[in-house]
Amino acid sequence: MAWPRTPDLMRSRLGATGVGYACGLLGQVASHALFVRPAEITSIWLPGGLVMAFLICRPPGRWPYLLAGFVLGGVCAFALRSGMVVIPLLGYLWLSACMAAGAATVKLVPGQVTMFPTISHLVRFFLYVVVGVSCACASGFIGVVSLIRDDVAMPRLWVLSTTAYAVAFMLITPLAVDLIRSRFPPWRDIGRQVIGFALFSIGLWILSILAWHAVPSNLSSVPLALFAPIPLLMLAAFQFGRFGPSVGLIIAFLPAIVIATRLDKADTFEVGLVNSYIMQLWTLACGVLVHALAIQARQRNDILQRLSVTSEENKSLAARLMLSQEEQSIRLSRELHDGVNQKLTFFSIALSALKLRSPVELHPPIEELTTGVRGLIDEVREISHSLHPAALEHAGLAGALDDLVRMIDGKWEGEIALMVEIDPDANPLTGENALCFYRVAQEAIRNAVQHSGARGMKIMLVARSNRWRLRVSDNGRGFAPDGVNVRSGLGLLSMRERVKSADGRLYIRSRPEFGTSITVEMRA
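Numbering (the UniProt record's numbering), first residue to last: 1 to 524.
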């Protein structure tokens, strides 16, 4: 194991100390600006939420330096505001110990990018940090306050301070963790999304302010009016990735608490506490709910994405299997045509020559044998043609279908008709798509001849612009498509897989005693 060089180690330690100092100083100054008066307690303790995020994301070896800077920054903020040093120092030391213990229970594992990949992570964070650490921090805070003040109702102050810590951990920490652990895509990829979210948020802020002005002049109604349109913002937040829930909560909460605390009067202690309680409890409840819903939505999207990838892989596999099958069919077709059929033809010629040199009484059996060989030649030719329709390469899809219809018409007692309407300006089909059309027609005709009991069949091929459509209809017994089992429906399954791999659409319409219609549509 290679130890870091001394300059790198010093820079790492100084960086951790600087981050902690900035969080303590700037966060505490911002929290002072959000004091609920005359209780002199903030509704959200910003530095705690920020430092907790860094503790969760950074290795434990940097924690002492991070927390040392944090304590120094927080004490400086109090010294600048009130001149106190010792009391804030005691308080920040206790808070640092509580947060370090809480961070150790929810530390991110290697490879974990988001704060809440599962519901269990959210529950553990809520119980250990939002509830446990907040209660411990509030208990220490009450102990420190009791050293310098005896005119404040301690139980009420404990409740308000506990919720202040909890709101910071619930609101700030998840977003900060996601920001620290993320790699942002280029602006061109997310610019429109960010601008849309910003405009939507501004619109909801305006709606919130209008809603507040619409209610009677009652300070306890301020947060209720401000929160009226927030569910819409929460729903919109899900459309903006994993940052959506956290950013949405901040957009909903921070303007509300700023307005509410600024409007509190010095002689309305009870009302000020009521406003803060409402906002804090609402934020905690919505935070858990929104993050839980976001986890479910993210897991659902992950499942859909995996299914999509699996579907594409299956589609690619099916296409490769069909290509392999077609290559095998071509090879067998050529072997039958160039090998077996040539030998049978030579055998037929030899029998004809043998007949000329044989006695007359042997002519009938030789003629019968020759007829059988010629019939076998025709059957081998038909098998070879069905394995690989060479007419597709020479005469196109229409010519290949015409050959198929002629071959069926010569052996089937029913009536079969082929109609072709191809616009001269229509885009030509690729070889793979033409083969797909041919195989579907071949399978549909085979099903109609062998299974449906049809007495009539109609095949229509239409091409307009870049769209091609093939329809095979018969007047046979028909069937219920939903009732086809796997074994008897292999032909239909093969059709679906072929058309799907070619990015086409297959429609099967059939009812018992009303015939069957199979339609394929595809872009050229």
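Just so you know, these hints were derived from the structure itself, not from any lab. These numbers were taken from a predicted model, which means no experiment stands behind them. Please note: incorrect hints may appear among the correct ones.
No more than 30 Å apart at the CA atoms, straight line, and that leaves these computed lysine-lysine pairs for DSBU-like [said to hold, decoys possible]:
| # | residue 1 | residue 2 |
| --- | --- | --- |
| 1 | Lys343 | Lys355 |
| 2 | Lys500 | Lys458 |
| 3 | Lys458 | Lys411 |
| 4 | Lys458 | Lys355 |
(message) Which constraints among the numbered hints does this structure fail? Numbers only, ascending.
(response) The structure breaks only hint 4.
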